[in-house]
Amino acid sequence: MDNLTRVTIDFQTSHLIFPIMIAVLLGLLGLAILVRDRAAILGSGRMWAATFREMDKPRFLGTLALTVVYFLLMVPVGNIWPNTGYGFLICSVPYVIVLGLLFMHERTPAKLGAMLAVALVAPPLIWWLFSEVFFLTLP
Amino acid sequence: MDLLAHLIDPWFLGLIFGGTLMGIMFGAIPGMTATMAVAVCLPLTFPLGLVNSLALLLSLYVGGITGGLVPAILLGIPGTPSSITTTFDGFPMAKRGEGERALKIAIVASVVGGLVSLVALYFFAPVLAQFAIKFSYVEKFLIIFFALTVMAALSSDMLLGIFSGVLGIFLSLVGTYDITNGGNGHTRLIPPGMEYWLDGGFALLPVLIGIFGVTVILEEAEIGMPRGQSLKDIEVGPHSRFSFSVFRGQWLNLIRSGGIGTFVGILPGVGGSAASILSYTAAKTTSRHPERFGKGEPAGVIASEAGNNGLTGGALVPLLSLGIPGDSTTALLIGAFALQGIQVGPLFIGQNAETWNAMIVAMLLSNLVMLVTMFFAIRWFAMVIAVPKQILYPFILMMCVIGAYTINYGIIFDVWTLLIFGLFGWLMAKLRLEVAPFIIGFILGPSAEIYFVKSLESFGDLTIFFTKSWIAVVLWILIAASVAGSIAISRRNARMISPSA
Amino acid sequence: MTVTRRLLLSAAGAALIVMPVMTEAQNLPRNIRMVIGSSSTGGDTYQNASILADALSEHLGVNVRVDPVGASEAFKALARDSRGTTIMMHHDQSYLQELYGVEGSPDIFEEFTVGPTISVNPGNAYLVPADSPYQTIEDVLAAAEAGERVRVAIQPGGVSEIGFTAMRNAARMSAPGSEDNIVPVNTGDQADKNQAMWDDLADVINGSIQANEQFTQLPENDPTAMRFVWITATPETLNQAPEAGLGETDRAEMLSFAAPEVSVPMTEEEDFTFDKEFFLMFNIETDPALVEAIDTAMGEIYAEGEIQQRFLDAFFTPQYRPMAEAQEHLRAKNDDYETIISELKSE
Chain P
1 MDNLTRVTID
11 FQTSHLIFPI
21 MIAVLLGLLG
31 LAILVRDRAA
41 ILGSGRMWAA
51 TFREMDKPRF
61 LGTLALTVVY
71 FLLMVPVGNI
81 WPNTGYGFLI
91 CSVPYVIVLG
101 LLFMHERTPA
111 KLGAMLAVAL
121 VAPPLIWWLF
131 SEVFFLTLP
Chain W
1 MDLLAHLIDP
11 WFLGLIFGGT
21 LMGIMFGAIP
31 GMTATMAVAV
41 CLPLTFPLGL
51 VNSLALLLSL
61 YVGGITGGLV
71 PAILLGIPGT
81 PSSITTTFDG
91 FPMAKRGEGE
101 RALKIAIVAS
111 VVGGLVSLVA
121 LYFFAPVLAQ
131 FAIKFSYVEK
141 FLIIFFALTV
151 MAALSSDMLL
161 GIFSGVLGIF
171 LSLVGTYDIT
181 NGGNGHTRLI
191 PPGMEYWLDG
201 GFALLPVLIG
211 IFGVTVILEE
221 AEIGMPRGQS
231 LKDIEVGPHS
241 RFSFSVFRGQ
251 WLNLIRSGGI
261 GTFVGILPGV
271 GGSAASILSY
281 TAAKTTSRHP
291 ERFGKGEPAG
301 VIASEAGNNG
311 LTGGALVPLL
321 SLGIPGDSTT
331 ALLIGAFALQ
341 GIQVGPLFIG
351 QNAETWNAMI
361 VAMLLSNLVM
371 LVTMFFAIRW
381 FAMVIAVPKQ
391 ILYPFILMMC
401 VIGAYTINYG
411 IIFDVWTLLI
421 FGLFGWLMAK
431 LRLEVAPFII
441 GFILGPSAEI
451 YFVKSLESFG
461 DLTIFFTKSW
471 IAVVLWILIA
481 ASVAGSIAIS
491 RRNARMISPS
501 A
Chain X
1 MTVTRRLLLS
11 AAGAALIVMP
21 VMTEAQNLPR
31 NIRMVIGSSS
41 TGGDTYQNAS
51 ILADALSEHL
61 GVNVRVDPVG
71 ASEAFKALAR
81 DSRGTTIMMH
91 HDQSYLQELY
101 GVEGSPDIFE
111 EFTVGPTISV
121 NPGNAYLVPA
131 DSPYQTIEDV
141 LAAAEAGERV
151 RVAIQPGGVS
161 EIGFTAMRNA
171 ARMSAPGSED
181 NIVPVNTGDQ
191 ADKNQAMWDD
201 LADVINGSIQ
211 ANEQFTQLPE
221 NDPTAMRFVW
231 ITATPETLNQ
241 APEAGLGETD
251 RAEMLSFAAP
261 EVSVPMTEEE
271 DFTFDKEFFL
281 MFNIETDPAL
291 VEAIDTAMGE
301 IYAEGEIQQR
311 FLDAFFTPQY
321 RPMAEAQEHL
331 RAKNDDYETI
341 ISELKSE
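Protein chains in written order, with the UniProt record's numbering: chain P, 1 to 139; chain W, 1 to 501; chain X, 1 to 347.
Chain P extracted, bound-state conformation (with noise of 0.2 Å):
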């Protein structure tokens, strides 16, 4: 009865023991899901379709893409610079801008004002703040 309770670890493999108790864990609850909410599942087509035909397209879309495109630019034009956070500079200012004009609703010259202002001043201030006054690393 007492051998039952033993365990001995192998500290080699002892990176395995919890991600495999975890992913059985989860596979069985997956399982119990499946079962549970099988009409749902099976219905999830109609919820994508309809998520896809309410979604604001431009907006949701437009965000993924700029985003994604800042990212890529951020590293590869730091670069050009090293070490000086130009690179996040350079690309906040547009990113800020171009969301902005897409998040808004009536471009009015009033928000325009607003929002450029917003997008021209941050950036560098905390670029500056964080890169020259904090002395951290920026792309």
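Derived by calculation from the structure, the hints in this document are not laboratory data.
The beta carbon of each residue, even a glycine, is placed where N, CA and C say it ideally should be.
Be a bit skeptical, because a hint or two may be false.
[What the hints assert, rightly or not] Selected chain X positions facing chain W (Cβ under 8 Å, derived; list incomplete): (1) S40; (2) D67; (3) E103; (4) P106; (5) F109; (6) V183; (7) N186; (8) Q190; (9) D192; (10) Q195; (11) E243; (12) G245; (13) L246; (14) A314.
[What the hints assert, rightly or not] With a straight-line cut-off of 27 Å between C-alpha atoms, the simulated DSSO-like cross-links for lysine-lysine are: (15) W/K430 - W/K389; (16) P/K111 - W/K389; (17) W/K295 - W/K389; (18) P/K57 - W/K295; (19) X/K333 - X/K345; (20) W/K295 - W/K95; (21) W/K430 - P/K111; (22) W/K430 - W/K95; (23) P/K57 - W/K389; (24) W/K295 - W/K430; (25) W/K95 - W/K389; (26) P/K111 - P/K57.
Here the structure of chain P is known, so what remains is to put chains W and X in place on it, guided by the hints.
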């Protein structure tokens, strides 16, 4: 005497005031954390001398932990990892127009939590440290396990919620089984081809701000950026007037949460975010209305904020009485001591009475500064709601990038993690998976692993979890109570809502 | 000093935009990123790196930022940047982890240019509980020889393990087979190692003078009290430490725990010693002129003599070896340790 000299030293007082304010700002900006505030200021403090630099760093710590409550309540985006549980009830309160009330409750709870932990620190540090070392891997695992049981209680659908939580644990294990935590340095769960990027796994902060910050913005974009709340919505009306009467019947909760936060801080390695999760779990477990939690229950806000501020004093206990930091922020303080040539260890308090007293005074003052400034600043905090989304959201995204990139001092994959988990959070909502248990699983997963595996490795017997010590037995009772509570709630819910497929 | 420089830099920050990327004089990058093999800003690696970075910034008139990204990310960052705008600082862990076969460890002597050494942390030590029967590390070896099982808490795969390997090697030399009585307790950081002792999971723990000295000053009946049994640093290094030592332990006392006072043989003639040395590494394709400029600058900085005091104040031993000498020295160290590690492994 010496202490009095500090109290009238304008530098000392100025640094506490400035540090607290700056800490609050760091805490309040999503992506910035208390740890970061201390880290960036640390190199600037060397010429200040030990007492003054500690005054600054401790104030940053207190301010930073507290500041996180502002966006947690107003935007549903936790400003720091330790304010996650504040979003659970704070944000629902704000949405129904009780933002100001929620903020005030949270601020008062923060101060009480901070004071509870200070008292514990000042009077009982050596005793508490001696108690803390009775917690071996086994007891630490059980504490984490207890915190994990809140996953069930936080889920609106138990099965999906637990699945989400286990998924969070699973994803937190991706990467290297970290040698510095006691692992063997091998990698696991990395999809082929991703080794270069994923050997360090997903970092906690980017995951967190991705799943809260980026996801919120994506969801708003999806529905076309509807106009937000206006200042009118959170105007104090008869329905949301704050008075200290909300704390009636909550004193036990306040003290308990502050105490739990303190205690979690004292246990090295259990981690800062666990403090608020545990006190939230305890509050929900013992509440007479557990079903109200997660829907805007002031007691939840109180537990979370008293818990995370309780951490501040607690985490200093092992630092100053064992030379071992209680969380990531206090780990930075070791650097401050080392560069001033001061050893921290079991003899510190006895040998450095003046520094010790000054630290306590600094934290006390910082808590008071925090209370006063935050109360006065509530109006300005509230204005964040009125900032048009086309300005607020791009700005938050930019700050998230800064936070993600600088958290580990310049790793670009952390920025991609932000987007990956932003999208993942959006997907989870579509699949009716639940964010709260997921993130709790993600935070606690690595500690759960290390303590579980190490318990078995060291003691070699499964029964050790029950037989190790009386502490283990007490923890099992708490775990059982929490699980039973969750089941009871879910039964009650099931009876109230007619089942629908 | 630091503050004035930084404050000036921040004030002039905006003006930097128009400045050229390279400084005119030495063709050095204007902004250098020093990545280090530790992800903590409170540890010894960060402290040593920032002392050096401050001195280099001032001497060369460039910005040197220290980024504690951790070994794995630091090697990646260094491998990506051949322009010399990224340099790396780390200690013996960088080659030891490869010798111990830690996953993903590069061979630094092949894949990078090993640069000058900077300083030594003389603190690597082994401790026992205050009420332990072992008085010195020699007692531990004798116990192993007599068939007693001795559990040693270490963090595997590097600096923390090397002394443990040396113990096993010494045990094997005096009584083959007795090394199996010295068993590792694999833990993590210092907190875990201390806890392993207090939980009675380990008889001996790896630690450091800095982190554990105060525990050795506690009254013996304190459950957390410890004693040093072995300090691995060379006597030459320890002799450079301040005479007052650290805390209540003076230099003479430290020397009494180190070779040659206590002996853990590595070969028939030689005692095992281990100095935890900090040194620089460069991308292998970096312009040699640039690497040389940094090496020369370091020579000048150490010749001025101010930096030494900064290291000593923080209980480190300044130890500049010009690049060529440093490469030879570190490779010799690597080869010595490789021998004992592989001999123990082959059995």
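Status of the hints after comparison with the structure:
no. : hint            : verdict
1   : S40             : holds, 6 Å
2   : D67             : holds, 4 Å
3   : E103            : holds, 5 Å
4   : P106            : violated, 13 Å
5   : F109            : violated, 21 Å
6   : V183            : violated, 12 Å
7   : N186            : holds, 6 Å
8   : Q190            : holds, 7 Å
9   : D192            : holds, 6 Å
10  : Q195            : holds, 7 Å
11  : E243            : violated, 15 Å
12  : G245            : violated, 11 Å
13  : L246            : holds, 7 Å
14  : A314            : holds, 6 Å
15  : W/K430 - W/K389 : holds, 23 Å
16  : P/K111 - W/K389 : holds, 11 Å
17  : W/K295 - W/K389 : holds, 25 Å
18  : P/K57 - W/K295  : violated, 31 Å
19  : X/K333 - X/K345 : holds, 18 Å
20  : W/K295 - W/K95  : holds, 10 Å
21  : W/K430 - P/K111 : violated, 33 Å
22  : W/K430 - W/K95  : holds, 21 Å
23  : P/K57 - W/K389  : holds, 18 Å
24  : W/K295 - W/K430 : holds, 20 Å
25  : W/K95 - W/K389  : holds, 16 Å
26  : P/K111 - P/K57  : holds, 23 Å
Of the numbered hints given earlier, the model fails hints 4, 5, 6, 11, 12, 18 and 21; all others are met.
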